[in-house]
Each structure stands twice: as C-alpha cells, then as structure tokens.
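Number of protein chains: 2
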Amino acid sequence: MASSSSYSNCPCAACKFLRRKCMPDCVFAPYFPPEEPQKFTNVHKIFGASNVSKLLNEVLPHQREDAVNSLAYEAEARIKDPVYGCVGAISVLQRQVMKLQKELDATNADLIRYTCNEMPTTTTIITTSQRGSERGTSSIAQSSSFYYHSTWNNDHP
Amino acid sequence: MASSSSYSNCPCAACKFLRRKCMPDCVFAPYFPPEEPQKFTNVHKIFGASNVSKLLNEVLPHQREDAVNSLAYEAEARIKDPVYGCVGAISVLQRQVMKLQKELDATNADLIRYTCNEMPTTTTIITTSQRGSERGTSSIAQSSSFYYHSTWNNDHP
Chain F
0 MASSSSYSNC
10 PCAACKFLRR
20 KCMPDCVFAP
30 YFPPEEPQKF
40 TNVHKIFGAS
50 NVSKLLNEVL
60 PHQREDAVNS
70 LAYEAEARIK
80 DPVYGCVGAI
90 SVLQRQVMKL
100 QKELDATNAD
110 LIRYTCNEMP
120 TTTTIITTSQ
130 RGSERGTSSI
140 AQSSSFYYHS
150 TWNNDHP
Chain X
0 MASSSSYSNC
10 PCAACKFLRR
20 KCMPDCVFAP
30 YFPPEEPQKF
40 TNVHKIFGAS
50 NVSKLLNEVL
60 PHQREDAVNS
70 LAYEAEARIK
80 DPVYGCVGAI
90 SVLQRQVMKL
100 QKELDATNAD
110 LIRYTCNEMP
120 TTTTIITTSQ
130 RGSERGTSSI
140 AQSSSFYYHS
150 TWNNDHP
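Chains F and X are the protein sequences, given in the same order.
The first sequence begins at 0 in numbering that gives the first Met the number 0 and counts up by one.
The second sequence begins at 0 in numbering that gives the first Met the number 0 and counts up by one.
Don't read these hints as lab results, they were simulated from the structure.
Worth double-checking, as some hints may not be accurate.
[To be verified] Stretch-level coverage of chain X by chain F, calculated; a stretch enters the list once three of its residues show a Cβ under 8 angstroms from a Cβ in chain F:
{"no.": "1", "region": "13-23"}
{"no.": "2", "region": "31-40"}
{"no.": "3", "region": "44-51"}
{"no.": "4", "region": "81-90"}
{"no.": "5", "region": "95-102"}
[Stated by the list, open to error] Examples of chain X residues toward chain F, derived with CB under 8 angstroms:
{"no.": "6", "residue": "Asn-8"}
{"no.": "7", "residue": "Asp-65"}
{"no.": "8", "residue": "Ala-66"}
{"no.": "9", "residue": "Asn-107"}
{"no.": "10", "residue": "Asp-109"}
{"no.": "11", "residue": "Leu-110"}
[Claimed, not checked] As a list, the in silico DSS-like pairs of lysine-lysine whose alpha-carbon atoms are at most 25 angstroms apart:
{"no.": "12", "chain 1": "X", "residue 1": "Lys-38", "chain 2": "F", "residue 2": "Lys-101"}
{"no.": "13", "chain 1": "X", "residue 1": "Lys-79", "chain 2": "F", "residue 2": "Lys-44"}
{"no.": "14", "chain 1": "F", "residue 1": "Lys-53", "chain 2": "X", "residue 2": "Lys-38"}
Glycine included, C-beta positions come from ideal geometry on N, C-alpha and C.
Just chain F, with the same shape it has in the complex:
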C-alpha cells in the first residue's frame, strides 16, 4: 500500500527478533532499524521488550531517540560487565574528577606558593592564581551532585 511505511516491507530489528509483523505504527521501528539487530537484542536481554515499549510510551516523541540510545548504551555496558554495568564507568569517572581536582588544587597551590616565595606579588600573578582557584571551586560544586555512594566505589578498578 502506498500509505504504508517502509517498515511494512522490511521489519524493524525488534519485530524481526520477536517474530511479529512490523506495523506502520510500530513503536520500535524508528529506533531499531533492521541493519542494527544487536541494538535490540541487547536492550531486550537486559530490560525486556515490554519494559522498553512502556518506557518509550512514557516519554515524549522527540525524546525517544535519546531514551533508546541511552538504554542501548546501558544494556551494552551491562552485557560487557554484568556486575557493574555502566555504573563502573561512573565510579571511574568520579575518581578521575577527584584526581584532576586534587591535581588542579596542587598546581594552583604550587603557583601561589611560588609567586609568594620567589617574587613580590604583582597584578598579573594574582590574576593567574585567582583564575585557577575559581575554576577549582566551581568544579568541586559540580562533582558533588553526581557522586555514586557505594562501599565498593573506591575499590572497583
């Protein structure tokens, strides 16, 4: 039929996997093209097709692509690392933020110590070190809201 979408002829990856007819209004079709079968296999394995369908219906149409992509990312991470999934990456990134913040603080302290000990204070020097301190403070404030609180947070590689 002329009114049918292209999905009628070539079922989306979800319908192909679930062995069902892919209808023109299929909720999966726009986000699970037949050429990416693994994307659906992964989200189905981790979340289940029914949960993915429910979630897609809960979010606005323009947000669905982002929702599917983030689910696919989480699913792939969980398949690769069944224990930590993508939470492992959060843990590593949090430690990296803390490490960088510490390095930045140390470098700023070096700069301040150096300028105080080696040279009389000038306008240029004060501007440089103040800029560094301001950067540091804003980064600490940002990082605190995303901290993953867990007993294993510091031990996970």
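Place chain X on chain F using the hints.
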C-alpha cells in the same frame, strides 16, 4: 524449623512484592531485605524480576551484592530521568573531566609562561611545572576509554 533462615518468617522485599513464599534458598533474599521495599520495586520496574534473577545466577556469589547495588542505582536513575537514566551522569562527568583537564592544562601553561617570562629557570620551577604536565597527560589517557559517544552528549544539561 530451626534450620530455616529468618527469611522463612519475614519474606524478602522481592517475595513480598511478587506475593510468593520466600524460601530459604531465595536468590533475592540476601540483597533485598524487607526493610528496603523500594529497592526491589525499582529494579523490577526497570529490569524485571526475571532478568534480575537471571543476572544474579550469571555472576559469582561474592559479586552479587555489587551487581544488585549497581542495578538498583541504574533503576533509580532511570525512574528519576526516564530519557537519560544514569547515562546522563556519565555525560556530565565526562564533560567535567574535559573541563578540569582543560583548566589543569591552562594552569600549567600559566605557570610555565610565568616562570619563563618573569624569572630565570631554576630547578624548583621546572620540577613544579613538569609535575603538572605529567598529571595532565595521564588524566587524558584515562578519560578517553570511557567516552560516551553520542550526538546529544554535548547538549544534554
């Protein structure tokens, strides 16, 4: 019976939710205590009880607590943010790492520029700036392996 676990008398949060008898060998009981009902409700809503059970059986017993905690974290994040889930936190943390790295590079450059322009090079100054550069390089190398590749990565708040 004396041999029964305490779970026989007080069903775990999973068995209570699923309205089934909590047996002494219940796979959920050690990780879903009755006093934390929301933990199971969340993972059930996002992953489904069957998928959680499968995953628990796939990992080693000593890894199960971490696996459940990371699933609970992911589930809570997805309920709070149905579009991005905990991938939103990864995106923010990645940008924070890049921002901190840039700040560290800039501070190191300030330090080097300052020491070159204002003072003759001394052993102390070289040591300080080199330490900063080494820190910076190692951090860049670490961050690259966790980058979340997505078209919306830079736009997500």
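Hint by hint, here is what the structure shows:
Under the rule that three or more residues need a Cβ within less than 8 angstroms of chain F, the assignment of the region 13-23 of chain X is violated, with 0 such residues. As drawn, the region 31-40 of chain X meets chain F at 0 residues by the rule of a beta-carbon pair under 8 angstroms; below three, the given contact is violated. Counting residues of the region 44-51 of chain X whose C-beta sits closer than 8 angstroms to any C-beta of chain F gives 6, which meets the bar of three, so the coverage hint holds. Against chain F, the region 81-90 of chain X contributes 9 residues with a C-beta closer than 8 angstroms to a partner C-beta. That satisfies the three-residue criterion, and the hint holds.
Taking a C-beta to C-beta cut-off of 8 angstroms, the region 95-102 of chain X contributes 6 residues in contact with chain F, enough for the three needed, and the coverage statement holds. With a cut of 8 angstroms, the hint placing Asn-8 (chain X) at the interface with chain F is violated, because the nearest CB-to-CB distance is about 28 angstroms. A distance limit of 8 angstroms between C-beta atoms decides the matter here; for Asp-65 (chain X) the minimum to chain F is near 5 angstroms, and the interface restraint holds. The interface hint given for Ala-66 (chain X) is met, as the beta carbon of that residue sits about 5 angstroms from the closest beta carbon of chain F, less than 8 angstroms.
Taking 8 angstroms as the C-beta contact cut-off toward chain F, the hint placing Asn-107 (chain X) at the interface holds, the least distance being around 6 angstroms. Proximity of Asp-109 (chain X) to chain F holds as hinted, the smallest CB-CB distance being about 5 angstroms (cut-off 8 angstroms). A cut of 8 angstroms between beta carbons decides the hint on Leu-110 (chain X): the least distance to chain F is about 5 angstroms, and the hint holds. For the hint pairing Lys-38 (chain X) with Lys-101 (chain F), the CA-to-CA distance comes to about 34 angstroms; that exceeds 25 angstroms, so the pair is violated.
The suggested pairing of Lys-79 (chain X) with Lys-44 (chain F) holds, with an alpha-carbon distance near 22 angstroms, which does not exceed 25 angstroms. Between Lys-53 (chain F) and Lys-38 (chain X) the alpha-carbon distance is near 20 angstroms, which keeps this suggested pair within the 25 angstroms criterion.
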